[in-house]
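**Student:** Chains as they are written, first to last, in the working numbering: chain A, 1 to 328; chain B, 329 to 669.
Note that these hints are calculated values from the structure, not bench results.
Careful: at least some of the hints might be erroneous.
Stated by the list, open to error - If you anchor each label on the Cβ, the simulated ranges turn out as follows:
no., chain 1, residue 1, chain 2, residue 2, range
1, B, 335, A, 142, 39 to 49 angstroms
2, A, 2, B, 526, 49 to 59 angstroms
3, A, 1, B, 532, 53 to 63 angstroms
4, A, 193, B, 330, 53 to 63 angstroms
5, B, 620, A, 193, 49 to 59 angstroms
Beta carbons: idealized from backbone N, C-alpha and C, even for Gly.
As a plain string of letters, each chain reads:
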Amino acid sequence: MVAYIIRRIGYGFLTVLGVLFFLFILFFAVTDPDDIARKAVGERAPPEVYEQWKRNKGYDKPLFVNTEHGWLSGGRYTDTLLVDHYTRMLTFQFGQSDADDALISKRIREGAGPSLMLTVPLFLSGMAVAVMVSLFVSFFRETYIDRMALVLCMLAMSVTILLYIIGGQYLIGKVLHWFPISGFDPDPTIVYKFLLLPILVGLVNGLGADVRFYRTVFVEETTKDYVRTARAKGAGEIRVMGNHVLRNALIPILTQIVVAIPFLFTGSLLLESFFGIPGLGSLTIDAIFGNDFATLRTMVYIGALLFVTGQILTDISYTLADPRIRLE
Amino acid sequence: MLLSNLLVVVILMLFAGLVYYVRTNRLWRESAQSLWKRRPIAVTVVGLYFVVGILDSVAWVGGVDLSKTQDVVAASKPRTIIDRMFSPETRSERSYSAPFASKEFYGGADLTHPGSYWLGTDRLGRDVLYLAFKGVKVALLVGGLTSLIVIPLALFFGVSAGYFGGRLDDAVFFVMSTLAAIPGILLLIALITALGKGTLQVCVALGVTGWVSFARLARAETLKLRESDYVQAARALGVSDVTIIMRHILPNLSHLMVITFALLFTALVLSETILAYLGIGVDGSWGQMIDQARDELSRDPIIWWNLFGASMALFILVLSVNLVGDAVRDILDPRTLRERE
């Protein structure tokens, strides 16, 4: 078990190194640092200005091999953008934003709070509602209720999230005047007013696919032998579904949870941006609009880091949920 | 003459080849028949979208009365059959007008073509129905063409990794887990900001993001098939690896290909709307129309037809493909077959 976890972490670390290399290729080799500099200081600036900008950011070094150093000196391969990129990211020294020189790590710390305030309740309520609805639906499997629910899920899945957001803002913000359309205030007594609408929209958006997925899982479980045994013993349908089926369906549910975890931290891009919540999603969107590659790079890296961590945690949690699984 | 005309010929030939293959192979013919029996409406709707996309790709020059139009340059360009049906060069207004209206929405001046706009006109006085029709080709390009490029690539990597194993498998698996580690939408955004905006770039970015899940599936399935008796027998008889893959592995993956195509298609078309909101989508897509119509709902009285036109066109396409895909999965997936027995 310990050996497995160590190997798993080692592979996860390798994956993160791979992600960093991918980001390097994308943001230094494919996009020329000259272009980034020109976008940051303006097209018309004289060459000295953006050379200076590049030097300040440390973007003026060569990509892989620094020919200023001799053949045998160490600097030939270490004094390069590639090595700088890896050391900066792996030591979490993200540096300054390309757009306005603000510290990226400070921005991330500020944005994490609002993001979590939106995504954690959204995630928990989404899970709870989806599992309850799909348990209910699979309780009535092969009936009209089941078929109606599946049709509704299919309809809900075919609508783009843009429409849910626009529709939700229109209906609840403008027609019913329940919640504000957008905005944010960290004051704990009124913050819920700003979060309810985005949470509701996010919930509806994810529900269709989730209910369908969980229903498949539950219905598949109900065909198994132990369910028949439980029924033969005289256990009621509610006890069978709630006690036996739900517990055995935990593994696929666990996978779903972990897939969602990185998004809890990186925030929901669209929801945050549409509803004016100053979280990490908004940070990413601003980085896209402002050609702020340093921030974008950092966000992708953090997202990948969290994803890899989450995957390792799922593998470990499998053994806790299902004693039949032995990790080797 | 035109690249898109050539593309239409190629696509139609591929389509004819596909139809011929389905008709000659008993298994596929029966599957197609049972699909038609289950979902006649959805299949027809998808077919209609396909026809509109084709009609919007065949283009030639001429046919506009140059004295009646203000924009001679636009009118002299090659026009598709859809363009000719709506003739936007001569049939346009100054600004918003409601569906079937005879007066402008603001100001109430008379329209030049009263009552002829089924879905009204947008801010620039363009026919919304025409714009919605133009979006069909964009959606089919983004969803269909991208998956047609992605699936063979994913198949190539997945099958060779699964079949040959060893170092190759390690390398492919490493690349796949690296790409899978990056949250999808962030990967898309990073790719497009690095590659630049444009239809091709969006398709490439969507392709890079989309191939991993199918390649994984193909690899896992190939690992299973490699150990099957008939592959072992073929190998013992000295059949070459390429022949084994072509004759024994690929046909056994074909149902996965069809299912993935439907799933990937809807995912791609829906992701494009998110990209459109971020300002990095494809020009002329429904996502862009929805994005532009965002502020129109807050006007009083509201302007709803722009949003309605684009989102209905999108909704109906995605719903039909979802329904067809679902039925295809039920028909082709051997696991569901077993459950039904």
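**Student:** Output the numbers, in ascending order, of every earlier hint that fails for this structure.
**Tutor:** Hints 3 and 5 are the ones this structure does not satisfy, whereas the remaining hints hold.
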